Amino acid sequence: MIWVGWRQQRLETAIAAGVLLALAAVAIPAGVHMASVYAHEHLASCVGNAESSACGLATGSFQTRFVGVNLLFTWSTLLPAVAALLLAAPFVLDLDSGTYRLFWTQSITRRRWLAVKLGFGVIALAAVTGGLTVLAMWARAPLDHSGGRMGSSAYDAEGIVPLAYGLFVFGIAVALGALWRRIVPALLLAFVAYVIGRAFMDSWLRERLLAPVKSTWQLAGQHGPNLDRALVIDQFLSDKSGTRIATAFRPCGSTSSGFLTHTNAVCAQPLARGAHAYMTAIYQPASRFWELQGIEFAIVAGIGALLVLLAAWWTQRRVA
Amino acid sequence: MTAALETRALGKRYGSNWALHECDLAIPEGSVTALVGPNGAGKTTLLQLAVGLIAPTTGTIEVLGHDARAEPLHVLPHVGFVAQDHPLPRRFTIAETLKLGRELNPTWDDALAERRIAELGLSRRQRVGTLSGGQQAQVALTLALAKRPKVLLLDEPVASLDPLARREFLSGVLQAVTESGITVVLSSHIIADLERICDHLIILSRGRTQLVGAIEDILAGHRLLTGPRTSPGGVARVHDVIRESHTERQTTLLVRANGHVYDADWQLHEVDLEEIVLAYLGHDGGVAETEPAAVAAR
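Protein chains in written order, with the working numbering: chain A, 25 to 344; chain C, 211 to 508.
Hint data in this document are derived by calculation from the structure and do not stem from the laboratory.
Computed from a predicted model, the values in this text were never measured in an experiment.
Ideal Cβ positions, reconstructed from N, Cα and C, are used throughout, including at glycine.
Certain hints may be false.
If we take Cβ atoms under 10 Å as the criterion, some of the chain A residues that face chain C in the derived model are [said to hold, decoys possible]:
| # | residue |
| --- | --- |
| 1 | G122 |
| 2 | F127 |
| 3 | Q130 |
| 4 | T133 |
| 5 | R134 |
| 6 | S239 |
| 7 | R341 |
Chain A residues, not near chain C, derived (Cβ > 10 Å throughout) [claimed, not checked]:
| # | residue |
| --- | --- |
| 8 | W27 |
| 9 | A46 |
| 10 | N73 |
| 11 | A82 |
| 12 | S85 |
| 13 | V91 |
| 14 | S176 |
| 15 | G245 |
| 16 | W314 |
| 17 | W337 |
Based on the sequences and whatever the hints tell you, model everything.
Here is the structure:
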């Protein structure tokens, strides 16, 4: 069954690996170039150096210059889902086309067939998502060093979360495939479920996985926490206790990427009147990266693993 | 004589509908049995139950003395199964399809498989998806035969084939039977084909067995009676009337004779298998239940 399992999924594995290689072909030269610029302009020393406006400008222009790399990795976060759909296809296709009847009437148990088909899919998926993680963590190093990796294009491409989403989509696809035995709707619906799940996690649940940190500081004179690398959930003018002051003030830049939080403070300053103006930030500090990844992995990969088991159980017991 | 396939009170229900109900059968080793019935009669259900693809709702089914669901590795290596529409992985070449058989079956006979492929005039490099329906059926049969099975179960293997491919496929089956004496159960609704290669018959209709027995005995036991128009009352008291038809002046009865028919009022004719099968399939009344012993006593 080992050879058969591999024979049935080698095309899909090759396509997924090909997409990863194409990504690497763009990301590796870009990463090398970016790293040399980062070193050449001594930008590493600017991290956390909020006072220096020269640093702020240089970091800002670096990040603007390489926004394309950032965008590339934002799109690369789709790779785990695409790979999962590809690698779930051989399993669902056997159920759809009826060839499972051929396999289950050879001299092997249904359990063995399930173990090979689903096991090989998961192994190949882990390899592809692992490749993405390594590539992203290497190529994005300068961007992560200056801007942190709490934004989606880093967070969803690095660490263990890509594997989690891969398993999530794989689980949905094989479970729908087992119940429905129609490959096209099963894979389409799995992708739709992925988009909804990702959007929900990225925009709402992730910042709530751990109780965020709330920090209030006086605008005149005091320096707030360094939010360059943090996941900023909210930032506003407040009184001393951190209660929001109703104001027309709006942050000048994005608060989620952590890129432009310097500018927020700069923007706010002319508006701040006297020593009574305070700024409050609610955020997940960059140091929580692995903790958040661990929790998110447990939830998302856990759902995926349960769905894979459901597919296996259903196929073992119910499919004829 | 032991039974290659034996069922006891076997039933399979889908929702509120019994696909197979109260089925008692014993198919003797070495026989070639035709499983006949209209679509939805339960033929596929019976064969899938035999090989463990589905589980029975009631009763038991054993192949070579084992339950395929409970002990798949006591049954599957000895059973060649060709499912309806003979599914094969379309992306595989023929060589890869044979490798699949070799990988998944401990008793695989590579020489037999290669010989059959050569005899069929197929190239090992051809992809299964590019073959005709008849060729795919032949490849699926090759896969089943090269397991060196003791029992061969074929579910509507020729339904989608043209007459020539049908003939060639059945010749392949017949050749395997004469070479190795395996037990074959073959479902179909094309009766003429079955008559050529089968020695036993099971008629299934609406989930129940209508007639079970050796074809020889079935032919000997049925007679067509014609006589002046009358009600079949007298005959029906002694024999089972399977079908009656009337014209203005004449009555025709197809009966299963219990002993000889001695009535001077009736003319007796022999009746062929197709007519018997059609009579049973159109027969709505009390089902002529036969005992499994009728089959076992070949």
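Okay, the hints, checked on the actual structure:
1. G122: Because about 4 Å separates A:G122 from the closest Cβ in chain C, which is inside the 10 Å limit, the hint holds.
2. F127: holds (7 Å)
3. Q130: Nearest chain C Cβ about 4 Å off; hint holds.
4. T133: holds (5 Å)
5. R134: holds (7 Å)
6. S239: Hint on A:S239: violated, closest Cβ of chain C at ~59 Å, above 10 Å.
7. R341: Status holds, d = 8 Å.
8. W27: Contrary to the label, A:W27 does not stay out of reach of chain C, its closest Cβ about 5 Å off (not over 10 Å).
9. A46: Nearest chain C Cβ is 24 Å from A:A46, so the label holds.
10. N73: With a cut-off of 10 Å, A:N73 remains clear of chain C, as the shortest Cβ separation is near 58 Å.
11. A82: It holds; A:A82 is separated from chain C by about 55 Å at its closest Cβ, greater than 10 Å.
12. S85: holds (52 Å)
13. V91: holds (42 Å)
14. S176: holds (37 Å)
15. G245: Answer for A:G245: holds, closest chain C Cβ roughly 71 Å.
16. W314: holds (42 Å)
17. W337: It holds; A:W337 is separated from chain C by about 14 Å at its closest Cβ, greater than 10 Å.
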